[in-house]
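Peer 1: Sequence:
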Amino acid sequence: MTGRIAGVVLAGGRGSRMGVEPKVLLRLDGTSLVERALRRAARQVDLLLLSSNLSPAELGHPACPVLADSLPGFRGPLAGIATAMEFLLASHTDVGWLCSFAADTPWFPRDLASRLAHARDTADKAAIAVATSGGRRHPVFALWPVTVLPLLKETLASGSDLGVGGFQSRFGLTCADWPVGDFDPFFNLNTRAEYEVAAGRCIGFGDSPEHIG
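So the sequence shown is numbered by the numbering used here: it starts at 536 and just counts up by one.
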């Protein structure tokens, strides 16, 4: 791998299944989901970005650039990744890689970027490194070369295959796997029931209990 690694926290989910919008402003242990994600990602990368169509004021004035989708309409995580890559290619040409994180996953690993980079370095032909756990792939948690931007923009413009996993399947992939143990580090919040589970996990443990990262 050549070039520095930037990170983007994807905070554009509309929260329709949660019954509240935007869900990234929901709080766990007194901290919003987006704030938690930024805190966990910040030390993993050389430069951190936040993908959100909310205003900086609504987000609590984060100490990093806030990038609204460059494409109109709600186009999902790929639009946020493309916008982040556009930003990097325009103003940070020494960055060769983008690590993506989801804001609705409160305990994603603190070593995500480094382990994905190691997986990419040790793979023969893989272009993208993706996180896995419990036999499942987590496409949003990935390390991307910024050189995929032209194909990504073409895909978004065509309106076809807007799923992150589907787009990644066009490239060689390598995976970094995390054990699940008592709690899957990629447990994410899509429903009110899942939010209640996460809130229960915080009681008595705070942000980073040893058994969940």
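FYI, nobody ran anything at the bench for these hints, they're computed from the structure.
Some hints here could point you the wrong way.
Stated by the list, open to error - Cβ-Cβ distance ranges computed for the label pairs, FRET-style:
#: 1; residue 1: 738; residue 2: 716; range: 16 to 22 Å
#: 2; residue 1: 734; residue 2: 590; range: 23 to 29 Å
#: 3; residue 1: 599; residue 2: 700; range: 22 to 28 Å
#: 4; residue 1: 701; residue 2: 624; range: 21 to 27 Å
#: 5; residue 1: 657; residue 2: 735; range: 36 to 42 Å
#: 6; residue 1: 682; residue 2: 578; range: 23 to 29 Å
#: 7; residue 1: 653; residue 2: 562; range: 30 to 36 Å
#: 8; residue 1: 689; residue 2: 593; range: 27 to 33 Å
#: 9; residue 1: 603; residue 2: 686; range: 19 to 25 Å
#: 10; residue 1: 605; residue 2: 738; range: 36 to 42 Å
#: 11; residue 1: 682; residue 2: 714; range: 16 to 22 Å
Heads up, the beta-carbon is just placed ideally off N, CA and C, and yes, glycines get one too.
Peer 1: If a hint holds in the structure, say so; if it does not, say that too.
Peer 2: Hints, verified against the model:
1. 738 <-> 716: 16 to 22 Å: At 19 Å between Cβs, range holds.
2. 734 <-> 590: 23 to 29 Å: Holds: the Cβ-Cβ distance is about 26 Å, inside 23 to 29 Å.
3. 599 <-> 700: 22 to 28 Å: Check passed, 26 Å falls within 22 to 28 Å.
4. 701 <-> 624: 21 to 27 Å: holds, 23 Å
5. 657 <-> 735: 36 to 42 Å: holds, 38 Å
6. 682 <-> 578: 23 to 29 Å: holds, 26 Å
7. 653 <-> 562: 30 to 36 Å: About 34 Å separates the Cβ atoms of residue 653 and residue 562, which means 30 to 36 Å holds.
8. 689 <-> 593: 27 to 33 Å: Distance hint for residue 689, residue 593 holds at roughly 32 Å.
9. 603 <-> 686: 19 to 25 Å: Since the Cβ atoms of residue 603 and residue 686 sit about 22 Å apart, the hinted range of 19 to 25 Å holds.
10. 605 <-> 738: 36 to 42 Å: Holds, at about 40 Å.
11. 682 <-> 714: 16 to 22 Å: violated, 32 Å
Figure legend: structure checked against the earlier numbered hints; the only hint not met is number 11.
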